[in-house]
Amino acid sequence: MSFIIVFMWSFVLWLVLTAGTKGMLWSPEELAAGVIFSSIVAYSTKNIVGEKASRFLNPSKWLGFVVYSVGPLFWGMVKANLDVAYRVITGKIKPGIVRVPVDLENEAQYTILSNSITLTPGTLTIEACPDEKALYVHWINVTEPEPQSSEVIAGSFEKWARRLGK
Amino acid sequence: MNVLSVDVILQFGLLIGILISAYLTISFRDLLSAALASASMSLLLSLEFYLLHAPDVAIAEAAVGAGVVTAIVVYGIAKTERWEREAP
Amino acid sequence: MIVEIFFYSALVVMIGAFFALLRVFFGPSVPDRVVGVDTLNTLIVAGMILLGAAYDRTIYIDIAIVYALLSYIGTLAIARYLQGGLE
Amino acid sequence: MIEYMIYTFLAINMIFNLLGSISLHRFPDVYTRLHGATKCTTFGTIFAVLAVVVHALYQLRITNDPKYLQMALHSVVALIALLLTNPTGAHAIAKAAHLSGVKPVKAVIDAYERKLEEGAQ
Numbered sequence: 031m032s033f034i035i036v037f038m039w040s041f042v043l044w045l046v047l048t049a050g051t052k053g054m055l056w057s058p059e060e061l062a063a064g065v066i067f068s069s070i071v072a073y074s075t076k077n078i079v080g081e082k083a084s085r086f087l088n089p090s091k092w093l094g095f096v097v098y099s100v101g102p103l104f105w106g107m108v109k110a111n112l113d114v115a116y117r118v119i120t121g122k123i124k125p126g127i128v129r130v131p132v133d134l135e136n137e138a139q140y141t142i143l144s145n146s147i148t149l150t151p152g153t154l155t156i157e158a159c160p161d162e163k164a165l166y167v168h169w170i171n172v173t174e175p176e177p178q179s180s181e182v183i184a185g186s187f188e189k190w191a192r193r194l195g196k
Numbered sequence: 043m044n045v046l047s048v049d050v051i052l053q054f055g056l057l058i059g060i061l062i063s064a065y066l067t068i069s070f071r072d073l074l075s076a077a078l079a080s081a082s083m084s085l086l087l088s089l090e091f092y093l094l095h096a097p098d099v100a101i102a103e104a105a106v107g108a109g110v111v112t113a114i115v116v117y118g119i120a121k122t123e124r125w126e127r128e129a130p
Numbered sequence: 009m010i011v012e013i014f015f016y017s018a019l020v021v022m023i024g025a026f027f028a029l030l031r032v033f034f035g036p037s038v039p040d041r042v043v044g045v046d047t048l049n050t051l052i053v054a055g056m057i058l059l060g061a062a063y064d065r066t067i068y069i070d071i072a073i074v075y076a077l078l079s080y081i082g083t084l085a086i087a088r089y090l091q092g093g094l095e
Numbered sequence: 253m254i255e256y257m258i259y260t261f262l263a264i265n266m267i268f269n270l271l272g273s274i275s276l277h278r279f280p281d282v283y284t285r286l287h288g289a290t291k292c293t294t295f296g297t298i299f300a301v302l303a304v305v306v307h308a309l310y311q312l313r314i315t316n317d318p319k320y321l322q323m324a325l326h327s328v329v330a331l332i333a334l335l336l337t338n339p340t341g342a343h344a345i346a347k348a349a350h351l352s353g354v355k356p357v358k359a360v361i362d363a364y365e366r367k368l369e370e371g372a373q
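So the sequence lines, in the order shown, correspond to chains A, F, Y and E.
Counting from 1 along the first sequence, just add 30 to a position and that's the residue number in my numbering.
Counting from 1 along the second sequence, just add 42 to a position and that's the residue number in my numbering.
Counting from 1 along the third sequence, just add 8 to a position and that's the residue number in my numbering.
Counting from 1 along the fourth sequence, just add 252 to a position and that's the residue number in my numbering.
Just chain A, same shape as in the assembly (with noise of 0.2 Å):
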């Protein structure tokens, strides 16, 4: 199973950096030497991924990040943006670390999340612990030492999280 998942995504990839070899398209020899590549990277890997990448294979999720990426992600980092700039320039800073409770599941759910609170408005994610559903996060300007949800901080990237990492 695996190895299908990751020879698709190698192949996937080959195409991409290969396109326009002959005309728009790929020229045959491009195409064998990507179907052998991506095969050896597969069988190579196939112990290291596991079985769980199978959820990489639902087209929907692949909708549903796109549309993540491109509309609440892309919004949030215009706004950290214009904070950070804000700061830079009057040099405003009242910065804290604190502890923020999280319900979710599973590690790529953890990913997800952190990649996020990252890249969006003044915080930044220092250590992230599945076993006390908890994530520890360094807050630029703290309005509230010790939040009860990760609204204050995250607003619906949980919520988003929740759904895209299943």
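No lab work stands behind these hints: they were computed from the structure.
Check each hint, because a few of them may be wrong.
If you only want the chain Y side, here are some residues facing chain E, beta carbon under 8 Å, derived [claimed, not checked]:
1. I13
2. S37
3. L51
4. I73
5. A76
6. T83
7. G92
Since the structure is predicted, the reported quantities are computational estimates derived from the model, not experimental observations.
The beta carbon of each residue, even a glycine, is placed where N, CA and C say it ideally should be.
Chains F, Y and E: place on chain A using the hints.
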């Protein structure tokens, strides 16, 4: 100010950066800082090769110099010791 | 006309890279220097992409891909050493 | 029209990349510097890549040369690599800095320190 002079300005800046970071690499007593200065030197050297229109050399320098050499040096520091001793 | 503006913006990005390099030189502690090197990596990838468009060659952008993927190894090795995971 | 679009993207790229590198000198400690460095440079690079992609697609429409298609696709791949590695690297540096003993300057609250002390007991 045409395009050629922009190129020349970039190359001069890069060469100054390469010189300073190479000097700092041999002068730091903290070997971890020296590894970082060496990483930034090979990074700027890679960009210099790029500006001299040698993309293959630049790829080799980026792959070996910036990533792998830093990692190997840090492994070496972890196996031995971090501070350089004074010469007797 | 368009190609020239790519040169000038690459020049401005390189001025930013020079500030990051100063942080690598003067940073009081090692994590400060690591932050400097990390910023330098991102800025140089941006500069390589802009210069690739300016020189009108595709192979120059491939260097940026290799660079973005591999410069990460050095940062991770140093972070791993600093938190005591390599002994 | 297309030219002005490219100029706007490049202007945003220049402003945010410069802000990111200036923030390295403006902020007092590692964590706040990471805020500026990660966010601003990632955002600036997104706009640099957007400018290159718009330029390449415009040239593709005029000249019909497949080299411009390659240019657009490759710069998007470089952007995706940056977007995946940059926040992860920032996270690794922040955790390593805290564990190696760098305290946040002027911190109102430090919950992670408290957790480490409880774990040590």
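Hints, one by one, checked against the model:
1. Here the hint on Y/I13 is kept, as its CB sits about 6 Å from the closest CB of chain E, short of 8 Å.
2. Given the 8 Å rule on beta carbons, the hint for Y/S37 holds: about 6 Å separates it from the nearest Cβ of chain E.
3. Taken as an interface hint, Y/L51 checks out: its beta carbon lies about 6 Å from the nearest beta carbon of chain E, inside 8 Å.
4. Satisfaction of the interface hint for Y/I73 is found here, the shortest Cβ-Cβ separation to chain E being roughly 5 Å, below the 8 Å cut-off.
5. Because the closest C-beta pair between Y/A76 and chain E is about 4 Å apart, less than 8 Å, the hint holds.
6. Residue-level restraint check for Y/T83 holds (minimum Cβ-Cβ distance to chain E is 5 Å; threshold 8 Å).
7. Taken as an interface hint, Y/G92 checks out: its beta carbon lies about 7 Å from the nearest beta carbon of chain E, inside 8 Å.
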